[in-house]
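Listed here are the chains, written in short residue letters.
Number of protein chains: 2
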Amino acid sequence: MHQDTGVAAARKLGGPARDEMALAPVLTALSDPVRLKIVRMLADGCELSCGSFGFPLAKSTLTHHLRVLRDAGVISQRAVGTSRMTCLRRKDLDARFPGLLDSVLVAAAVAEGRRYAQKRKGTPLH
Amino acid sequence: MHQDTGVAAARKLGGPARDEMALAPVLTALSDPVRLKIVRMLADGCELSCGSFGFPLAKSTLTHHLRVLRDAGVISQRAVGTSRMTCLRRKDLDARFPGLLDSVLVAAAVAEGRRYAQKRKGTPLH
DNA sequence: CATGTAATTCGACGCACATCGAACAATGTT
DNA sequence: AACATTGTTCGATGTGCGTCGAATTACATG
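These protein sequences, in sequence, are chains A and B.
Going by numbering that gives the first Met the number 0, the first sequence opens with residue 0, and the numbers climb by one from there.
Going by numbering that gives the first Met the number 0, the second sequence opens with residue 0, and the numbers climb by one from there.
It is possible that part of the hints are untrue.
Below, simulated SDA-like cross-link-like pairs (lysine to any residue); rule was C-alpha separation at most 20 angstroms, straight line [unchecked claim]: (1) K36/A to A23/B; (2) K90/B to R39/B; (3) K90/B to V105/A; (4) K58/A to D43/A; (5) K36/A to T60/A; (6) K36/A to P24/B; (7) K90/B to T27/A; (8) K90/B to V33/A; (9) K58/A to A94/A; (10) K36/B to Q76/A; (11) K36/B to C86/A; (12) K90/A to T27/B; (13) K36/A to T27/B; (14) K36/A to A21/B; (15) K90/A to A110/B; (16) K90/A to E46/B; (17) K90/A to V109/B; (18) K36/A to A78/B; (19) K36/B to K36/A; (20) K90/B to K58/A; (21) K36/B to V105/A; (22) K90/B to G112/B; (23) K58/B to G112/B; (24) K90/B to S102/A; (25) K58/B to S82/B; (26) K36/A to S59/A; (27) K90/A to G98/B; (28) K58/B to V105/B; (29) K90/B to L65/B; (30) K36/B to L12/A; (31) K58/A to A110/A.
By construction, these hints were calculated from the structure, which means they are not laboratory data.
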């Protein structure tokens with residue numbers, strides 16, 4: 000089958016191991032508006048299927064973006080039926096790059112003119 | 000023929016105003032290894048001339064990278080003799096995107112295997 | 001088995017970017 | 001004035017990325 004080809008590779012729908020996550024790919028992944036939006040949608044810990052994002056994009060384009068995020072280690076995906084559920088690898092990200100994801104999420108909210116209601120507890124939005 | 004986005008295109012050497020700084024350009028600027036290195040070199044508040052970076056790059060390439068950083072609002076430059084002194088716009092960055100720069104600097108240090116010696120004290124040098 | 005749904009792979013296209021060298025401009029220095 | 005130092009601007013080039021549509025795989029269900 001397919002086992003880690005040593006460096007990089009990022010096989011297995013899971014992406015790189017925590018220690019193998021590099022900074023540049025993460026920043027590159029987050030620097031695209033579409034991908035940043037994806038990350039923001041997943042920020043509350045939910046799992047979404049590819050079709051649930053609702054972007055006006057070709058499916059192949061979405062697949063591409065999700066692969067960039069996955070290869071960088073930002074998200075992970077698991078197969079459920081014919082779908083692929085996507086979620087943030089928040090724990091790994093926070094462990095590897097403390098504070099980075101949070102500050103990017105805050106910055107994204109700020110840049111959008113909104114306020115970041117430090118959720119992650121009682122307040123369920125949408 | 001080079002860009003001039005029309006929207007506040009960094010007309011003076013100072014780059015965009017604090018409120019006009021956007022997130023994507025900042026992340027894009029930081030996602031390049033050369034530019035990230037530049038930012039790290041400036042992280043302690045020092046001012047550096049273009050020649051002081053010591054990169055094995057053509058001067059025009061360095062100019063390009065500095066312009067990307069400046070247009071994003073990450074650095075500012077001022078003319079001193081025949082040199083251009085470059086420094087981080089830390090205050091503006093921290094005000095606009097709280098925690099972002101610090102977490103990126105920490106992440107860069109982590110990704111390099113080193114430790115980040117939180118050398119930020121209350122002393123506003125210069 | 002046939003049909004349908006969900007997502008990936010596969011070119012292909014256009015644009016943006018990192019890089020370079022050469023020419024230009026601005027500012028010292030002799 | 002002539003020269004040296006420091007950066008910028010100007011093409012040019014190769015690579016990578018975002019986008020698409022069409023073909024393909026994987027799974028579910030009639």
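Verification of the hints:
no. : hint            : result
1   : K36/A to A23/B  : holds, 11 angstroms
2   : K90/B to R39/B  : holds, 15 angstroms
3   : K90/B to V105/A : holds, 17 angstroms
4   : K58/A to D43/A  : violated, 24 angstroms
5   : K36/A to T60/A  : holds, 14 angstroms
6   : K36/A to P24/B  : holds, 15 angstroms
7   : K90/B to T27/A  : violated, 24 angstroms
8   : K90/B to V33/A  : violated, 28 angstroms
9   : K58/A to A94/A  : violated, 32 angstroms
10  : K36/B to Q76/A  : violated, 32 angstroms
11  : K36/B to C86/A  : violated, 31 angstroms
12  : K90/A to T27/B  : violated, 24 angstroms
13  : K36/A to T27/B  : holds, 15 angstroms
14  : K36/A to A21/B  : holds, 14 angstroms
15  : K90/A to A110/B : holds, 17 angstroms
16  : K90/A to E46/B  : violated, 37 angstroms
17  : K90/A to V109/B : holds, 16 angstroms
18  : K36/A to A78/B  : violated, 39 angstroms
19  : K36/B to K36/A  : violated, 27 angstroms
20  : K90/B to K58/A  : violated, 41 angstroms
21  : K36/B to V105/A : violated, 24 angstroms
22  : K90/B to G112/B : violated, 27 angstroms
23  : K58/B to G112/B : violated, 29 angstroms
24  : K90/B to S102/A : holds, 16 angstroms
25  : K58/B to S82/B  : holds, 13 angstroms
26  : K36/A to S59/A  : holds, 17 angstroms
27  : K90/A to G98/B  : holds, 18 angstroms
28  : K58/B to V105/B : violated, 28 angstroms
29  : K90/B to L65/B  : holds, 18 angstroms
30  : K36/B to L12/A  : violated, 31 angstroms
31  : K58/A to A110/A : violated, 27 angstroms
Hints 4, 7, 8, 9, 10, 11, 12, 16, 18, 19, 20, 21, 22, 23, 28, 30, 31 from the earlier list are contradicted by this structure; the remaining hints agree with it.
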